[in-house]
Every structure is written in C-alpha cells, then in structure tokens.
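Residue numbers (the numbering used here), protein chains in the order written: chain A, 1 to 262; chain B, 1 to 262.
Simulated from the structure, these hints should not be mistaken for laboratory data. A portion of the hints provided could be inaccurate.
Below 25 angstroms or equal to it, Euclidean Cα-Cα: the simulated SDA-like pairs (lysine to any residue) are [as the list claims (entries may be wrong)]: (1) A:K162 with B:R171; (2) A:K162 with B:A127; (3) B:K162 with B:R126; (4) B:K162 with A:H83; (5) A:K2 with A:P26; (6) B:K162 with A:D245; (7) A:K2 with A:H83; (8) B:K162 with A:K2; (9) B:K162 with A:G161.
Away from chain B, derived, C-beta distances all over 10 angstroms, residues of chain A [unchecked claim]: (10) A9; (11) I200; (12) G230; (13) D246; (14) P247.
Positions of the beta carbon are idealized from the N, C-alpha and C atoms, including for glycine.
There are 2 protein chains.
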Amino acid sequence: MKAIAKYHARAQAVESMVCVGLDSDPARLPERFGGDVAAFNRWIIDQTHPFACAYKPNIAFYEARGGDGWRDLAQTMDYLRAHHPAVLTICDAKRGDNSTSNRGYVAEIFDRLGFDAVTLHPYMGRASNAPFLERADKGCIILCRTSNPGDDELQNMEIDGKPLWQVVAERVRDAWNANGNCMLVMGATHLREIAQARQIVGDMPLLVPGVGAQGGDVEAAVRAGRDSTGGGLIINASRSIIYADDPAAAAQALQASINAVS
Amino acid sequence: MKAIAKYHARAQAVESMVCVGLDSDPARLPERFGGDVAAFNRWIIDQTHPFACAYKPNIAFYEARGGDGWRDLAQTMDYLRAHHPAVLTICDAKRGDNSTSNRGYVAEIFDRLGFDAVTLHPYMGRASNAPFLERADKGCIILCRTSNPGDDELQNMEIDGKPLWQVVAERVRDAWNANGNCMLVMGATHLREIAQARQIVGDMPLLVPGVGAQGGDVEAAVRAGRDSTGGGLIINASRSIIYADDPAAAAQALQASINAVS
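Work the whole structure out from these sequences, hints included.
Right under this line is the structure:
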C-alpha cells in the first residue's frame, strides 16, 4: 500500500492522528531498561500502538551512538513491521543531497530499514530529491515551516510578496508531487501558516510537530490544519509521550484532545 | 588547532587546495579490494595525501550500508587521524535539524568520528544550527549555491532583488560566523556566483565541489573564487580521483592545474 493511503487507512481504523516520536535518549529511559533503547522502543510501541497512526524516530538520536544506534533503529523497525505493519513509519532524517548521494539515503531509509516515509530538506530543489520522489510507494515529507527558535530567518524571507515557505508549499504542490506522495512539515506553533498551507495544498497530509513538550496548542492546530474530511494531519509528540509516567495514557489523552475538536 | 587554521596550514604546507571526495561505492572498487571500502580508502589516502589539503567522505555512501558503512567510515577516520592528522577532514553530511536533534549529529560527527568540519543545510536557520556553530574548534560549511540539476529552483528565488543564495551568504557572514568557523559550499559550475560570493564573504574559505566528473572548469573556478592571498578554496573531486587508474596522478594533476592558474 502506498504511504499516504496507509496513513489514511490507519488514521481511520484507530480514529487517531497521533504520531509518536521515538526520540529515545538512553540517558532518559526508565532505569529498568538499563539504557537499552530497542527494548524501550518495543515497550513504548506496545503501550501506544492502539492510539497511534504513525511512529517517527528522529535519526539524530540514533546516529549519535554510531553502529549501536543504527542497530537499535533497525530492531525497532523490525518490531514495527512484524507486530504493527499497519502503522505508518516516518524516518525523521531531514536529508537532502544531490541525486547520486540521495540514492544512498534511499537505499538505507526506504529499502534496508523499510520506512514508509522520510523528511527532506527543500534547498537543493526537486531534481536533487528525485530518488526519493520517484518512489511512488513511499512518502516524501518536505520541510516547509518548521517550529524551532530561529525558524523565521530564511523561511519568512519574502519572494514576490510571499514568504519562502509558501513558495516551497506551492512548488511541492505543483512540481514535486507528480506521484501523489508528498506531504509537508508545518510546525504546530505557526497556526496562521498551517491554515494558509492547507489552502495551498488542498488535502495533502501535513506532519505537525511541536505539540506536547514544545508547547503547540493541539486544538488550535487541528482547527487550522484539518483537511476537507476533517483529517489529514499527522500530529507528532515525542518527549511528552515517551517520557510520560504512563505513555499509553499520554498518547490516548493526545488522541482524545485531537478528536474532541468540533 | 581550529578547523579553518588547520586548512590554511595544510594548504600552504603541501601547496594544494585539492580535496579528495571519499565517495566510495563498494560496487565500483578495483576487484582486488573485494568490496572492502575501508581498505580501499586507506589505499586512496596513501596514494593521494601528498597532494591533498582535505578529505571529504559523503556520508550517504556509508549510510547506504548501515552499520557496515559506519564501521568503514570510523576506520577511515581512525586511519586519517593516526597517519595524516594535518589533513582537514570534512563530513559531507548535509545535516540540519532543530537544536536538540543537532546535538546528536554533533556527538556523532565531531566527537565520535572526530571530523574537523561538516556541511549543513541553512533552511531551519542559525539558531537551529547553533550546536554546530558553537563549536569554535570545528568548521561549519553551509550549503549556499550547489551544483546539481535543479539547483536554481529555490536558490535563485529573488528576495529584495537578490537571489536566496546571496541572502544565505550574507546571513552566514553577518550572523552565523560569530566564532569565525563558517565556510560556504559554492558549486564549481556557477562561476559568476563564486566571484559574487567571494565579494560577499571576504576571505572566508569556500568549498567548491563539482570539478572532475561533474564537469566544472578548474581554472575558471580558481580565478573566480580565490581569496585576497590567492588561496581560500577547497576544491573537491571525488570519482575523477578515487576511480582513476592512478589516483595519485589524478590528484597531482588537479593540484597542478589549480596551481598553474596565474
């Protein structure tokens, strides 16, 4: 099944737009895991999968530990594919190189690790990202308007009366999405921009990080960003779920707060 | 020694601005290596170090093979540090995430693998890249004007009469370079832009990929980009050196063609 269809099917089946960010730091795990990230991730997945449409490990947390981290990531993906194959898997890698090099990332992220989708930088242009975009079965989630200190610096530069991030959204809609496999990253703290992005891209799914520990308002983000069917969002929380005393309750609470938006 | 000082010292000591791109693909190695990338890299380094100011593995070629690739990369870095500690090492990773995640990349690229410098995406802004920029001992090489099909798509968008890449160059000069550790990527195929970048950033070193197999004109790039002392360029060739019948001769020939520019 194609990545975006898989997302929609899962979101409908469990009535959830919650994405759990598996940004697992060995120094922050409950003591009983003894720093074993793969075991911790299995536990988080066991706890949260009834409430999750997607899992999204940020690769930096794994790459920080070299081969050990990559092994934990591969084991986590093996576990997800074996036990929860219907849940969308997003590799939050923020990659983007020339097309020759990107083929290496495609081999690793899509084919070896088996992720359904990846996050990508737009700066080098559509053609450089073609090795990702040409994989019609996989999802390409382009950084558009991020939610981090300093995100304005380039993303709000004005081009013909429009901020750069809007130009990116239009380019993705008009030129990058030939295979219908594109999505955008729209940070939860930018409510007006989320609503504008929804106008620009129609029903294209939006990955919305920045709720939970990063402080975005869930209800307002849902109102601003939902598509014509009331869905189409992948709302990510990482620390506020995985380091909660009860991760299942935290994921379920986020699901409930999303679904309560009228 | 700080990364940029290390570059200048090495470039002067061997009279070379040649950077060897260790984009080693196991399928393209001479048969006698049996696909052993670490052994191939050691041989390339043995052959080319008298003519090299820098080595630059593109991480995608290693990440493509998961843990095996990361082991090859770590072994290559161990070899460089043990035998050629004066040569600048550049991790061509094109990373760029929020500051929390970037700390993971810093831990891996600067501290665990021990690279002197890294290539970075500008899209999320200076503050997100602070974990790299704050490492005054390390070099931060920001993607500015790349040389790949489609590089115009965003990089030439006009902002107040200037292309986006010029805005990036000015931001790096004015706001990102507080520790004097920034450099820019300026692709060899854009000669006019290389000259403009030199005007903008003064004597900041420029990493110039795209000569050799990618077709950039070495002599013209040197004329366009050299700094006020006649140096300041890191001219990268990958395939045209590492897959040459005689890599030493190929590196030496590139050095000679650079140094012949009057």
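Legend entry - Hint numbers not upheld by this structure, sorted from lowest to highest: 4, 5, 6, 8
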